[in-house]
Amino acid sequence: MKNLILYIAAKIEKLSFLLKIERKLFGKPDEKLSKYLKKRFGFSLEALMTTALMSGLFFGAVSFLFLIKRNLLLATVLSTLIFCVIFVLIKNSITSTYKYERNILASLAPLVFYEFSLNLEIGSVFEALQSISSSKYPIISRNFKEILFKISLGQKPEKQLLHYAFTQPSNDFKIALLTVLNINKKAIDIGKYFQEAENEYEKVNKEIEIRILLTIIISTFLPLLLTMIYVFWDYPWLIFTVPLTQLLFHIFSSKGYRTFVLERMITAGNELSELEECAEFLEVYGKFLGLGYSPERALTKTVGIVSEKTRKKLNIIIRRIYSDLVPLRIAWSDFITNFKHPFATISLKIVNKMIEKSSKDAGEKILKIAAKLREKAILERKRETLISTQQLKAKIITLASALLLGFVASLIPIVIYSSAFVFGKLSISSVNNLSIATPLLMAAVIMTYTNCKATVDKNVKLQVMLAVLAFLLAYSVNSFLQHLI
Numbered sequence: 001m002k003n004l005i006l007y008i009a010a011k012i013e014k015l016s017f018l019l020k021i022e023r024k025l026f027g028k029p030d031e032k033l034s035k036y037l038k039k040r041f042g043f044s045l046e047a048l049m050t051t052a053l054m055s056g057l058f059f060g061a062v063s064f065l066f067l068i069k070r071n072l073l074l075a076t077v078l079s080t081l082i083f084c085v086i087f088v089l090i091k092n093s094i095t096s097t098y099k100y101e102r103n104i105l106a107s108l109a110p111l112v113f114y115e116f117s118l119n120l121e122i123g124s125v126f127e128a129l130q131s132i133s134s135s136k137y138p139i140i141s142r143n144f145k146e147i148l149f150k151i152s153l154g155q156k157p158e159k160q161l162l163h164y165a166f167t168q169p170s171n172d173f174k175i176a177l178l179t180v181l182n183i184n185k186k187a188i189d190i191g192k193y194f195q196e197a198e199n200e201y202e203k204v205n206k207e208i209e210i211r212i213l214l215t216i217i218i219s220t221f222l223p224l225l226l227t228m229i230y231v232f233w234d235y236p237w238l239i240f241t242v243p244l245t246q247l248l249f250h251i252f253s254s255k256g257y258r259t260f261v262l263e264r265m266i267t268a269g270n271e272l273s274e275l276e277e278c279a280e281f282l283e284v285y286g287k288f289l290g291l292g293y294s295p296e297r298a299l300t301k302t303v304g305i306v307s308e309k310t311r312k313k314l315n316i317i318i319r320r321i322y323s324d325l326v327p328l329r330i331a332w333s334d335f336i337t338n339f340k341h342p343f344a345t346i347s348l349k350i351v352n353k354m355i356e357k358s359s360k361d362a363g364e365k366i367l368k369i370a371a372k373l374r375e376k377a378i379l380e381r382k383r384e385t386l387i388s389t390q391q392l393k394a395k396i397i398t399l400a401s402a403l404l405l406g407f408v409a410s411l412i413p414i415v416i417y418s419s420a421f422v423f424g425k426l427s428i429s430s431v432n433n434l435s436i437a438t439p440l441l442m443a444a445v446i447m448t449y450t451n452c453k454a455t456v457d458k459n460v461k462l463q464v465m466l467a468v469l470a471f472l473l474a475y476s477v478n479s480f481l482q483h484l485i
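Its first residue numbered 1, the sequence shown is counted upward by one per residue in my numbering.
The set of hints was computed from the structure by calculation and includes no laboratory data.
Just so you know, these numbers come straight off a predicted model, no measurement behind them.
Here a beta-carbon is modelled for each residue, glycine too, at the ideal position from N, C-alpha and C.
Treat the hints loosely; a few may be bogus.
Unchecked claim - Simulated pairs of lysine-lysine, PhoX-like, Cα-Cα distance not exceeding 25 Å:
1) K91 - K35
2) K11 - K32
3) K382 - K360
4) K11 - K28
5) K20 - K145
6) K2 - K14
7) K35 - K99
8) K32 - K14
9) K360 - K349
10) K136 - K353
11) K395 - K368
12) K150 - K91
13) K145 - K360
14) K145 - K28
15) K156 - K99
16) K360 - K313
17) K368 - K349
18) K353 - K458
19) K35 - K24
20) K145 - K461
21) K395 - K287
22) K145 - K35
23) K2 - K38
24) K312 - K301
25) K301 - K395
26) K340 - K360
27) K368 - K313
28) K301 - K313
29) K349 - K287
30) K91 - K24
31) K156 - K340
32) K20 - K35
33) K150 - K312
34) K14 - K35
35) K2 - K99
36) K39 - K174
Said to hold, decoys possible - Label pairs and their computed distance ranges (CB to CB):
37) M1 - E146: 24 to 30 Å
38) K360 - N3: 58 to 64 Å
39) S152 - L392: 48 to 54 Å
40) N3 - L386: 41 to 47 Å
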């Protein structure tokens with residue numbers, strides 16, 4: 001399907017009169033996105049919008065002609081909805097590539113900045129590029145390999161990196177690259193960069209928290225509203241579309257906080273204590289190197305001072321060096337595999353390079369890296385508290401929403417019969433309690449699942465089960481009370 005869209009858009013790109021119509025309808029396009037599409041797929045944003053518009057009009061017209069025999073109002077509403085859905089789906093099927101790449105780059109910006117800046121302290125821009133290209137970062141490592149290829153043809157590394165900074169889609173990643181390019185020109189405080197990034201994170205976090213809250217509120221009332229409309233308009237056979245509409249709503253609403261989710265997923269499953277362990281090790285190890293000890297002797301001295309957990313990891317590298325007679329460089333690489341946190345592994349890789357170049361000069365630099373890790377650990381502790389608070393809020397609101405949906409689902413049949421009695425005959429022969437409750441229960445499940453993903457809650461299954469139990473509890477208790485009355 002995507003290939004068909006790409007083919008049609010490429011053909012429309014050659015039809016200038018259609019592009020002129022699109023510009024009059026939608027105005028000036030996003031230049032950055034249009035350049036990205038032109039470079040990546042060979043057509044502009046105007047061509048893509050025209051393709052989406054024509055496809056939406058086609059399917060909307062077909063659905064209108066099909067439904068007009070049943071009801072003019074229904075045909076108008078549904079054909080308009082189909083037009084909007086087709087238009088958005090086709091547009092997003094291509095632009096999502098741009099957004100995905102932008103989000104990935106923004107999420108990885110702090111990591112790449114950290115590794116790049118540390119590499120610049122011991123080597124050149126070219127060596128830093130080589131390190132990033134071999135680090136297996138999504139998208140970034142591949143792009144850096146392309147930059148290295150251009151450098152091999154005679155281009156300057158700084159010029160290629162500057163060009164890439166302004167052509168890639170993420171503003172956060174651009175700031176990170178421009179900052180590391182200035183490191184050789186003036187002193188750059190890496191801790192200050194991370195603090196500024198953290199302040200921006202908190203600002204974005206507040207905006208996303210509001211979006212999540214609005215999503216929950218809308219997702220609670222949207223299924224109720226649709227169910228009531230279908231029942232009172234005598235179209236009960238459309239109730240099955242309630243969870244489908246709910247699913248589409250969550251797919252589009254989640255795009256607003258997808259960068260936030262990706263950033264959280266980078267460190268998901270990595271213990272924050274590893275940063276503190278690594279910082280503790282580097283602080284002690286750096287001091288011993290500064291006193292003139294050899295790298296191997298400094299390790300044996302460090303073991304007796306660090307915490308028990310760090311000591312266990314150090315014993316492995318010492319055993320490899322003295323029992324297995326493995327070179328320090330290889331033993332150190334094995335030691336790095338004991339750490340999962342990306343900032344810890346990057347730090348240890350750089351320290352290994354520092355020791356290989358000059359162990360005498362490495363002590364002071366290692367102490368600086370340890371200080372940076374301490375700062376990063378403090379910031380992540382603060383971030384962890386924010387995430388936990390947000391997850392708790394989402395859990396409470398989600399469970400309350402599930403209870404409300406269950407309560408209202410049990411009331412809808414009563415409302416239908418009361419309306420039929422007060423306002424006249426209402427056809428409800430094809431509606432029963434199960435046909436009303438089931439789509440609302442599915443809507444509650446979709447709402448819970450999406451909220452868990454938005455807040456990166458690992459207990460998705462547990463939260464879904466609790467939401468289902470809350471829905472069924474409210475539904476059954478209210479139904480029981482109705483029978484007593």
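Going through the hints against the structure:
1. K91 - K35: 16 Å, holds
2. K11 - K32: 22 Å, holds
3. K382 - K360: Distance of about 36 Å is beyond 25 Å: violated.
4. K11 - K28: 21 Å, holds
5. K20 - K145: The hint is violated at about 39 Å.
6. K2 - K14: 19 Å, holds
7. K35 - K99: Holds, at roughly 14 Å.
8. K32 - K14: 20 Å, holds
9. K360 - K349: 17 Å, holds
10. K136 - K353: Roughly 18 Å separates the two Cα atoms, so the pair holds.
11. K395 - K368: 41 Å, violated
12. K150 - K91: 33 Å, violated
13. K145 - K360: Since the Cα atoms of K145 and K360 sit roughly 33 Å apart, the hinted pair is violated (cutoff 25 Å).
14. K145 - K28: Between K145 and K28 the Cα gap is close to 34 Å, so the pair fails against 25 Å, i.e. violated.
15. K156 - K99: This hinted pair is violated, its Cα atoms lying about 29 Å apart.
16. K360 - K313: 24 Å, holds
17. K368 - K349: Within the cut-off at roughly 15 Å; holds.
18. K353 - K458: 37 Å, violated
19. K35 - K24: 20 Å, holds
20. K145 - K461: Violated, at about 41 Å.
21. K395 - K287: 47 Å, violated
22. K145 - K35: Satisfied, since the Cα-Cα distance of roughly 22 Å is no more than 25 Å.
23. K2 - K38: Answer holds: K2 to K38 is near 16 Å, not above 25 Å.
24. K312 - K301: 14 Å, holds
25. K301 - K395: Violated: K301 and K395 sit about 48 Å apart, past 25 Å.
26. K340 - K360: Violated: K340 and K360 sit about 28 Å apart, past 25 Å.
27. K368 - K313: Holds, at about 22 Å.
28. K301 - K313: 14 Å, holds
29. K349 - K287: Holds - the C-alpha atoms of K287 and K349 are around 18 Å apart, at most 25 Å.
30. K91 - K24: 18 Å, holds
31. K156 - K340: Since the Cα atoms of K156 and K340 sit roughly 35 Å apart, the hinted pair is violated (cutoff 25 Å).
32. K20 - K35: 18 Å, holds
33. K150 - K312: Violated, at about 45 Å.
34. K14 - K35: 16 Å, holds
35. K2 - K99: 16 Å, holds
36. K39 - K174: 18 Å, holds
37. M1 - E146: 24 to 30 Å: Given a distance of about 29 Å, which is inside 24 to 30 Å, the answer is holds.
38. K360 - N3: 58 to 64 Å: Cβ of K360 to Cβ of N3: about 59 Å, so the range 58 to 64 Å holds.
39. S152 - L392: 48 to 54 Å: 53 Å, holds
40. N3 - L386: 41 to 47 Å: 42 Å, holds
In this structure, the hints that do not hold are numbers 3, 5, 11, 12, 13, 14, 15, 18, 20, 21, 25, 26, 31 and 33, in rising order.
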